[in-house]
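Here the protein sequences come in this chain order: A and B. With numbering that gives the first Met the number 0 applied, the first sequence covers 0 to 406. With numbering that gives the first Met the number 0 applied, the second sequence covers 0 to 476.
Hints were generated in silico from the structure; no laboratory data involved. Hints are supplied without guarantee of correctness; some may be wrong.
[Unchecked claim] Simulated crosslink set (BS3-like; lysine-lysine; CA at most 30 Å straight-line):
1. B:260 with B:136
2. B:260 with A:303
3. B:350 with A:290
4. B:54 with A:32
5. A:37 with B:60
6. B:350 with A:315
7. A:32 with A:43
8. B:60 with B:341
9. A:369 with B:136
10. A:315 with A:386
11. A:135 with A:303
12. B:394 with A:105
13. A:303 with B:68
14. B:260 with A:32
15. B:449 with A:315
16. A:233 with A:7
17. A:290 with B:341
18. B:136 with A:32
19. A:303 with B:275
20. A:315 with B:378
21. A:37 with B:341
22. B:54 with A:37
[Said to hold, decoys possible] Far from chain A by the CB rule (all over 12 Å, computed), these chain B residues:
23. 31
24. 44
25. 46
26. 48
27. 69
28. 70
29. 158
30. 159
31. 162
32. 223
33. 389
34. 407
35. 449
36. 456
37. 460
[Said to hold, decoys possible] Derived, one-sided and incomplete: chain A residues facing chain B with beta-carbon distance under 10 Å:
38. 301
39. 338
40. 343
Just so it is clear, the structure is predicted and the values come from calculations on it, not from any experiment. Built from N, CA and C at the ideal position, the CB exists for glycine as well.
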Amino acid sequence: MSIQEQVKSALSGNAFDEASLEKFIESGLPTKKNELWKYTNIEKYWPEFDLASQAPTELSSVDKDPNFSHIFFVNGQFQANESDIAVEVLNESNRDRFLGAKSQLKELLADEPVFNLVESQAKNQYLLELNGVADKPVIIHNVYSSKVAKHSSAHLNVIANANSETTIIESHTSDDDAQSFINNATSFYLKGNAQATLIKMQTLGAQTVQVQNIRALVSRDANFESFTIDIGAKLSRNNISIRLDGEGANCCAHGLYTLQNDQQSDTNSFIHHNRPHTESSQLYKGIMNDKSHGIFTGLIRVEKDAQLINSDQLNKNLLLSKGAHAHSRPQLEIYADDVKCAHGSTTGQMSDDQVFYFEARGVSREKAQKLLAQAFAYDVILKIKNKTARIYAQNILEQNFIALKSE
Amino acid sequence: MSFETKINEEYKWGFETNIERDEFPKGLNENIVRLISQKKKEPEWMLEFRLKSFKQWKEMKHPTWQYSKIPPIDFEDLYYYSVPKGTGEAPKSLDELDPELLATFEKLGIPLQEQKRISGVAVDVVFDSVSLGTTWKEDLEKAGVIFCSISEAIEKHPELVKKYIGSVVPATDNYYAALNSAVFSDGSFVYIPKGVTCPMDLSTYFRINAKETGQFERTLIVADDDSYVNYLEGCTAPQRDENQLHAAIVEIVALDNAEVKYSTVQNWYAGDKEGKGGIYNFVTKRGICKGVNSKISWTQVEAGSAITWKYPSCILQGDNSEGAFYSVALTNHMMQADTGTKMIHIGKNTKSTIISKGISAEQSENVYRGLVKIMPSAKGARNYSQCDSMLIGDKCAANTFPYIDVKNPTATVEHEASTSKISADQLFYLQSRGVDPEKAISLIVNGFCKDVFKTLPLEFSVEAVKLIEMKLENSVG
Chain A
0 MSIQEQVKSA LSGNAFDEAS LEKFIESGLP TKKNELWKYT NIEKYWPEFD LASQAPTELS
60 SVDKDPNFSH IFFVNGQFQA NESDIAVEVL NESNRDRFLG AKSQLKELLA DEPVFNLVES
120 QAKNQYLLEL NGVADKPVII HNVYSSKVAK HSSAHLNVIA NANSETTIIE SHTSDDDAQS
180 FINNATSFYL KGNAQATLIK MQTLGAQTVQ VQNIRALVSR DANFESFTID IGAKLSRNNI
240 SIRLDGEGAN CCAHGLYTLQ NDQQSDTNSF IHHNRPHTES SQLYKGIMND KSHGIFTGLI
300 RVEKDAQLIN SDQLNKNLLL SKGAHAHSRP QLEIYADDVK CAHGSTTGQM SDDQVFYFEA
360 RGVSREKAQK LLAQAFAYDV ILKIKNKTAR IYAQNILEQN FIALKSE
Chain B
0 MSFETKINEE YKWGFETNIE RDEFPKGLNE NIVRLISQKK KEPEWMLEFR LKSFKQWKEM
60 KHPTWQYSKI PPIDFEDLYY YSVPKGTGEA PKSLDELDPE LLATFEKLGI PLQEQKRISG
120 VAVDVVFDSV SLGTTWKEDL EKAGVIFCSI SEAIEKHPEL VKKYIGSVVP ATDNYYAALN
180 SAVFSDGSFV YIPKGVTCPM DLSTYFRINA KETGQFERTL IVADDDSYVN YLEGCTAPQR
240 DENQLHAAIV EIVALDNAEV KYSTVQNWYA GDKEGKGGIY NFVTKRGICK GVNSKISWTQ
300 VEAGSAITWK YPSCILQGDN SEGAFYSVAL TNHMMQADTG TKMIHIGKNT KSTIISKGIS
360 AEQSENVYRG LVKIMPSAKG ARNYSQCDSM LIGDKCAANT FPYIDVKNPT ATVEHEASTS
420 KISADQLFYL QSRGVDPEKA ISLIVNGFCK DVFKTLPLEF SVEAVKLIEM KLENSVG
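Isolated chain B, as found in the complex (with noise of 0.2 Å):
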């Protein structure tokens, strides 16, 4: 029995919002840099910030050693800054935004004004370049979160920025990194104090809209002592025959007794059939748990973007502390998705957890990339890895590198990894109950990926199971 997947639902965020914009000429110079950060009216610090990330950009070369093949980037051919008129000062209030916006995000299922909202999740909504707003900023200020644009962060809290940005990733890190660091125009700031309890939940909705403009967002997030937060983050972009950069930076910091939640799911345009068009997803994540007993957990739901490639890592500093990595990277058409996650183990007792799964369908290729690494110090570590893939069709790859680095004899480490495709027993099982070839295929995706899915929160956790449902519509058995 073959499986033979014609994809053809459309990618319905695929539309574009006609609107006035300012943006900076293209290319990428130092110019560029220092008018990024004159526009946001930074500080000093943020600009040398800035230019020191430039200066090393321009002494990297980019990546060879990765699966995916990445026609080279023109950076000269990039738009770094674009921002719909009149939103590139200071956040205004949502009600003076162009009703093309709120119209735009309304399609996109984003209602941004609060008295539309039922529920209470926080969004802070990033469109191209700059923040347009964040939702529920009141509440959030009576318990003494701050959720705000990282602009506005730097603007009003620059003490806490200064301390903790670039602290997780660094700009020498990697290519991307710099160039984010560099560049970044926008992107969301968390601060959660001491014993606070986020309220509600967190959001970030990120849209790309303009041609030709790269975006580079960053987020940050620093709980204090026995905090918690759960956040989300989605993203669409419109459907364009060339190809959009996305390189951002997440950077999470977990004090001691922390618990900081971070879901994605993601979303970019992937092309059509032919792999023309889409988005290079090239971020960087991170989060350290630096207290002790801390907890930091990546949650994502990879199903676009043309080339993803990212590893929402731990870093393991305080005793006790936990992290965990849960993934569902879905390809189809010719996407190309590499990654998976790292877990440094430094403290004692440290935990940490890995579950990946990959679907790969029609022509497309998915890597699942990993490392443990249990450091000397790290007496009594425990890592659990699982990784599983799941082939649909006979184009497709499914590869599996993990790395597994043990100096500590008291670690216990586990890996364990299988792929196959889907079973035809279990296939032929619900068919012969009448449930129909496409359905039943849906179904066992969806159990297959059931250990992630319930690690998402309610809305995503639905939202998810319906974008693999449609992503694998039209499957024939």
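Chain A with its partners taken away, still in its complex shape (with noise of 0.2 Å):
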């Protein structure tokens, strides 16, 4: 059975979107002529597609940090016994609130097949209400036990209400030889003057695929920052859209990914300048290993009338041995003529004068790599504003260093 027919099969008739998933049966998976999937071929991934099996297990042990609060997710289905934070199933009921008061959000990514299909999919769709001043940042635990579940998928919708802030983190961890394939969305609508950050903290064991779909849809002097920070998995995809719709709003898309053995990730991220007085910013960087590939390709486009942009887009790429590729598209589409935009990208080894400066002052070559790694990579984490949220962060990437070794 094709692709099409499988997902036709299992999902005809109770849709969660019947326009998307008409879209996604007429598309089917992106093939490498979708510019936007050129360096990944996700049909290579793709496992028979059984939703029947995405069943969730029970959380084996639920270590609760007290400096944050919790959401536990297992194979995308929402635990509320563990949880701190109670969030909704999204449904005919409260679907309004969300989508019917932007219809623009529907906008972003729907030429996305893959995220077509996370919103073919009736199970697993959440609504999360963001009111206030958060005390402290939010950890989204999402476990996949894939012994059961081969395919799994899941969309949280999050509505940032008016003059909120938020920091959530969302970590995705699994087995070391679960073998999921993950394709999950993170939808949000900020509201006026609204702050919210998303972290993702990917750590899937070597044998997982995930495709992250990140939406956010930025009002009148809201603040939208995501981190995507790859470091397991087999395969990463980020897909980012993210839509400034309204003077002064601001957005940062930063990213990290530190790859080895024969890992890839691509990302693409797509930031829309749509009205005049906003500023976005981006930064993503790359430190490839082994025989691992990093794709990273970023459009920032300026609307006709948006006038008065500051935009900057900046991709780094540190190849660490001979058989690591790095693949950047820094790409501009501007339609109006007052705006400042840069974009970069570099690309290379690890400069020697830098090693030899440590070597001389008695530091090891192995230890000065990894030093000079370790400070490459925490340009990314260092922008994270809520401090309890960057040392998660910086934890968990020095755990990721000390495996490090380099040609």
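Each of the two chains sits in its own frame; use the hints to bring them together as a complex.
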């Protein structure tokens, strides 16, 4: 059975969003002919589409750090008992509160087949409302145990109400031998002057594939920051689409991918300046070791009457080994004239001079390389404003660097 | 402050020469391909090359990935061969040319008759489908340089043409390359022998005159070991309401230690304010640095054409070879330009530099699209790219689509780009010192393009500055 047929037979008649299902059935999974999927052949990683097995297992152990509020998802399904914050199931009654309010949100990632697939599935559609200034960051634990579930899909819709301020860490973990195809989405609707930060910390097992779709509609004077930090998984793909839809709206989209063996990470970010007086900033850094591939595609679009825009984008790649590849496509599409947009991209190896500096001071070559790689990566982490969240991310990254070796 | 640009200056090269013409019937089929080949008295292998290309072209589909909006082109409604009467045969001496033709080139500022030339630039002139003649032939022959029309080269130097034609741009490369390979009617051929520094700059001037004619010319430059050549190219066309197609191929081969500099000032008719008429400029230009230490540099000033679609590229195969791409693309009215370069690093320690400056005014669209590819074999490869765009007016667009693929960890690749409008501070500075706004804009734009202009040969550099100035005339601050 072709992929379209598999999906059709599984979802037809009970799709969450019929239009999205139709779109997916028409397009199928993206191929390399799709310019945004030029370097990633997703079909290769696609197992039999069997939603029936998307059953949650029990959480084995719950370790709650008191510095955070916790929310738990297992195989995409919300765990009410363990969670500190209630997440609603998105259904007909509360759907309009989110989607109906701003139909523009529907336009984001509308042509992304993988996202359409998330929107097609009635299961695991959630709604989270954020109010006021959160006293501590929220961790959303996404745990995958794929001995039973090959496919996992969930969509979390977040409304950040006016003047709210929240930092959310989305942690994704799985067992080392788990073989899942995880297709998730997180959508944000930020109302006036809201501030939301989303930090995706992905440390999945080496056999998992993850596609993460992040959408954000940012209203007047609101500020959205997204961090996608990919450490694990065989393949991780980020589809990020942010629309700055009110004057004074700002966004940051930063990312870090540290890869080894034959891992692949592919980030596609799209920042859409739809209104004047909006700002965006992006920094994506990649460290590629062994035979890993890091891919970055970033597009900034400035609409016709969106004057007085400030936007920058930077992609830096560090190649540590012979077989490692970096692909970088920083792109600009500008239709307004009073703008300041810049992008840059660099790819290279570790500077011999810098390593030598350390060696001359008695630091071993190995250690020097580790320190330099770590410093390279911390540039991204240091942009996390919330201190608790920053330390959390730093700790996870540090563990990862213990294993780093370079040629 | 708004800078509404009103560019009213007429296209002064837009006249048409009334001249009797020989042309084949409209339309494209195998017969036309055979007829062209026959007319040129080409050997069998050339005809085969054309027929094979034609077959491939028929199987290909018009590409759709480009940014430019290209109205469908009816390939059946074009003349594929059109020559001024009496020139269709083997090139004759310049004295026998129709005086009308000579007057045309006089008007364009290219006196063909050598005696009228003071300084030495050898010119090969291509008028619609045929090369009219090449100046300074004898002097070049003394140095051993072969510079003639491609038809003549096929006749006189078949071994060279056979060896290199299609070796850099194969017929299957793209839709328009296949079309050109099938129906190309003329063009220039250059061969610089071993150890020779070409004694003068070589130049080709392309002129489209006939109506409803497609121009398909082909340029092949071969620089043998330790040679050097500086090559210039210019083009104009009459002002008409319908669009015309120009699909050319330029191939450059640089062997060991050879250096080729290729400069273009492209000023095809760009259509009027409403975007009516103008040339579709779909050109495949590619050079290969085959030998060690070889160098190829492309410099282009793109100021004309309704739609420009070209990517002069370098394949850096030889160790230590170098490629460079310097470009200024100016678009106004409804022009669309999709241009950039590809740098394919294969050899060790290969180097490439890309400097691209885009200026869009009025309702035009300007796209930089580029590829820097470092193959696993390209140890120590180095690339530096810089693409800046300037916007004048709030209805234009500037886009940047670079692709960077690095497959070797020892490579260093840098890319930077910026987009901004003409700085109000700079304008104010100049104006407060008594420079009028128009002149100030022109100064700023010229400064913006300086990195590219300084790589042009002197005559071209002056022409380019004037061209940009003229195009931006009547800009109101």
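Going through the hints against the structure:
{"no.": "1", "hint": "B:260 with B:136", "result": "holds (20 Å)"}
{"no.": "2", "hint": "B:260 with A:303", "result": "violated (39 Å)"}
{"no.": "3", "hint": "B:350 with A:290", "result": "holds (25 Å)"}
{"no.": "4", "hint": "B:54 with A:32", "result": "holds (25 Å)"}
{"no.": "5", "hint": "A:37 with B:60", "result": "holds (20 Å)"}
{"no.": "6", "hint": "B:350 with A:315", "result": "holds (20 Å)"}
{"no.": "7", "hint": "A:32 with A:43", "result": "holds (15 Å)"}
{"no.": "8", "hint": "B:60 with B:341", "result": "holds (22 Å)"}
{"no.": "9", "hint": "A:369 with B:136", "result": "violated (64 Å)"}
{"no.": "10", "hint": "A:315 with A:386", "result": "holds (25 Å)"}
{"no.": "11", "hint": "A:135 with A:303", "result": "violated (40 Å)"}
{"no.": "12", "hint": "B:394 with A:105", "result": "holds (27 Å)"}
{"no.": "13", "hint": "A:303 with B:68", "result": "holds (18 Å)"}
{"no.": "14", "hint": "B:260 with A:32", "result": "violated (35 Å)"}
{"no.": "15", "hint": "B:449 with A:315", "result": "holds (28 Å)"}
{"no.": "16", "hint": "A:233 with A:7", "result": "holds (27 Å)"}
{"no.": "17", "hint": "A:290 with B:341", "result": "holds (25 Å)"}
{"no.": "18", "hint": "B:136 with A:32", "result": "violated (49 Å)"}
{"no.": "19", "hint": "A:303 with B:275", "result": "holds (23 Å)"}
{"no.": "20", "hint": "A:315 with B:378", "result": "holds (19 Å)"}
{"no.": "21", "hint": "A:37 with B:341", "result": "holds (17 Å)"}
{"no.": "22", "hint": "B:54 with A:37", "result": "holds (29 Å)"}
{"no.": "23", "hint": "31", "result": "holds (33 Å)"}
{"no.": "24", "hint": "44", "result": "holds (36 Å)"}
{"no.": "25", "hint": "46", "result": "holds (35 Å)"}
{"no.": "26", "hint": "48", "result": "holds (30 Å)"}
{"no.": "27", "hint": "69", "result": "holds (18 Å)"}
{"no.": "28", "hint": "70", "result": "holds (21 Å)"}
{"no.": "29", "hint": "158", "result": "holds (41 Å)"}
{"no.": "30", "hint": "159", "result": "holds (38 Å)"}
{"no.": "31", "hint": "162", "result": "holds (35 Å)"}
{"no.": "32", "hint": "223", "result": "holds (35 Å)"}
{"no.": "33", "hint": "389", "result": "violated (9 Å)"}
{"no.": "34", "hint": "407", "result": "violated (7 Å)"}
{"no.": "35", "hint": "449", "result": "holds (20 Å)"}
{"no.": "36", "hint": "456", "result": "holds (32 Å)"}
{"no.": "37", "hint": "460", "result": "holds (28 Å)"}
{"no.": "38", "hint": "301", "result": "holds (8 Å)"}
{"no.": "39", "hint": "338", "result": "holds (6 Å)"}
{"no.": "40", "hint": "343", "result": "holds (4 Å)"}
Checked against the numbered hints above, the structure breaks hints 2, 9, 11, 14, 18, 33, 34 and satisfies the rest.
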